[in-house]
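Construct all of the structure, not just a fragment, from the sequences and the given hints.
Protein chains in written order, with my numbering: chain A, 1 to 97; chain B, 98 to 603.
Because the hints were derived from the structure by calculation, they are not lab data. Bear in mind that the values here come from a model prediction, so they are computed numbers and not experimental data. Ideal placement from N, C-alpha and C gives every residue a C-beta, glycine not left out. Any given hint could be a false lead.
As the list claims (entries may be wrong) - A few chain B residues that face chain A, going by a derived Cβ cut-off under 7 Å, partial list only:
hint	residue
1	194
2	195
3	298
4	299
5	426
6	442
7	444
8	457
9	471
10	475
11	491
12	494
13	497
14	533
15	550
What the hints assert, rightly or not - Cut-off 27 Å, straight-line C-alpha distance, at most; resulting in silico cross-link-like pairs (BS3-like, lysine-lysine):
hint	chain 1	residue 1	chain 2	residue 2
16	B	529	B	189
17	B	189	A	23
18	A	23	A	2
19	A	23	B	529
20	A	2	B	460
21	B	460	A	23
22	B	529	B	418
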Amino acid sequence: MKLDEVQRIAHLSRLELSDSEAKAILPQLQAIFALVAEMQAVDTSGCEPMAHPILFLRDLAQPLRVDQVSETDQRTVNMRSAPAQEDGYFLVPRVLE
Amino acid sequence: MSWHMSTIALLSKALAAKQVSSRELTSYFLERIAKGSRWNAFLDVNPALSMAQADAADEIRANGLAGPLTGIPVAHKDVFVTQGWHSTAGSKMLSNYQSPFDAAVVAHLGMPDEQNPTAAGMVCLGKTNMDEFAMGSSNENSAFGAVLNPWNPACVAGGSSGGSAAAVAAGLAPIATGTDTGGSIRQPAALCGLTGIKPSYGRVSRYGMIAYASSLDQAGPIGKSAEDCAWLLSAMSFHDPRDSTSLADSGENFARYLSQAWSEPQMRNPTKPLSGLKVGLPTEFFAEGLAPEVAKAVEAGAQLLAQLGATICSVTLPKTKLSIPVYYVLAPAEASSNLSRFDGVRYGHRTAQYTDLQEMYKKSRSEGFGAEVKRRILIGSYVLSHGYYDAYYLQAQKIRRIIAADFQTAFNQCDVILGPVAPDVAWRLGEKTEDPLQMYLADIYTLSTNLAGLPAMSVPCGFNQNNMPIGMQLIGNYFSEARLLQIAHQYQQATDWHLRQPSEVT
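See the structure below:
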């Protein structure tokens with residue numbers, strides 16, 4: 001991994017890193033990926049990826065619920081922690097000019 | 098009366114016998130929390146709300162409707178959202194967040210109401226400190242400062258549920274909830290001399306539990322004994338249709354085997370209650386890197402189980418070392434996705450100055466997240482990005498399957514697996530903060546059970562020469578929690594490691 005890659009993944013992660021922050025984090029990520037590289041030595045041919053322990057355990061049908069309204073209107077309480085709002089809407093910077 | 102030394106089993110008896118009211122108990126523990134602020138175990142308390150719950154619990158008892166846990170105080174890890182207490186997950190990102198609802202675990206343990214008529218009636222004492230978004234093994238990643246270990250304030254309490262462990266060890270709460278994604282219940286329990294259990298994946302509803310890595314996260318109790326953990330886990334575990342990973346048959350009385358012999362309901366030979374039990378010691382768990390004093394204490398634990406009638410054998414978990422890279426690919430990948438919700442739009446921190454949406458996202462997230470969380474998001478984005486997905490993410494998921502299968506091979510030879518929880522006792526504050534990889538390597542014995550989704554617990558089994566607690570880990574097959582707790586309970590009938598108190602705590 002190189003420095004410009006750190007900035008590329010920072011952008012993908014919607015994180016802002018100063019050059020000095022990126023330089024500080026690079027050797028840490030390199031050390032972690034050196035360890036991660038040990039996985040490549042394992043022969044996993046014919047082995048299915050396991051995304052979820054329950055899938056290993058049993059075939060589990062994804063539970064479905066009836067498609068009906070179950071919650072009452074919680075708008076006020078749900079918007080209580082909004083950083084910026086107006087008339088019951090979340091405010092964000094202008095997206096379309 | 099020094100109620101802070103009591104197990105909840107004892108508190109339950111005292112409440113039933115009217116020796117103490119929930120109001121008295123709650124006020125006793127709230128006072129201890131106020132006086133015990135040096136441990137930094139709590140992030141938020143709300144005495145008025147706790148006392149109101151205590152009064153409600155006393156009324157339930159007066160009406161003859163009390164259950165075994167009614168009126169017993171409990172502390173919740175700050176990863177569970179709560180109405181009336183802040184819910185920060187140890188992050189600046191959520192420092193002002195007010196949850197509009199209670200997490201399923203909180204509601205189910207709390208006061209009964211229309212939505213939760215069968216709730217346990219426990220009193221919430223407040224919210225405990227934790228590594229930010231449960232990412233860490235020392236509680237030093239909290240945005241609100243590290244938690245100190247009640248056995249030695251110069252040492253870490255472990256993490257990520259370090260506040261819960263320190264609160265119980267310091268006698269600020271009789272029992273606490275925690276969550277475990279890669280060892281976050283078991284390791285702080287071990288480092289603080291406590292008993293903790295991470296149940297099988299799917300046992301406890303994660304509704305209202307702030308997500309870190311969703312295929313690994315699971316909640317459980319940290320307490321003073323296996324019996325206490327069995328009681329709390331029984332109340333925490335139920336089917337919740339709001340969590341798609343909650344198992345339909347998850348509710349169970351986990352205390353049902355506690356006083357039974359392993360192989361028969363009647364204990365014909367009281368000196369050999371574990372007769373018939375086969376305990377497997379994985380050779381990889383006793384290899385290089387394990388502190389000799391920890392190895393000695395865990396081996397002595399195995400010896401004691403043998404004295405109680407168990408047979409000890411050797412098993413192998415060949416991919417143990419690989420569980421570290423596998424975990425540190427999969428957990429960050431899931432975290433990078435889960436934490437994308439923190440964008441400064443609907444809730445959470447928003448930066449003061451920005452010109453467009455892109456800048457608002459980036460600055461809000463960079464200011465709101467701490468260093469370890471950023472590191473894991475970056476790792477996650479990298480392993481999921483184009484060109485690396487197959488080599489890292491998919492390869493890790495494939496090895497995950499091999500790790501889970503290796504456990505099944507081991508369980509063909511034994512009923513439970515025994516090993517250490519952590520390679521060493523609690524380390525000194527600041528000792529590993531400069532080198533994240535060193536911190537990751539210390540998770541070696543706990544990660545694989547999360548990857549497989551197995552239940553595992555931490556049981557105190559001794560002390561090192563500096564009087565720091567050592568924990569041994571019992572790992573069971575899927576849904577064998579009641580059996581793990583039975584073994585731990587029988588062990589705790591024959592030992593008193595779990596009852597020792599830190600000298601710093603009065």
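Problem set entry | Non-conforming hints, listed in increasing numerical order | Every hint satisfied by this model.
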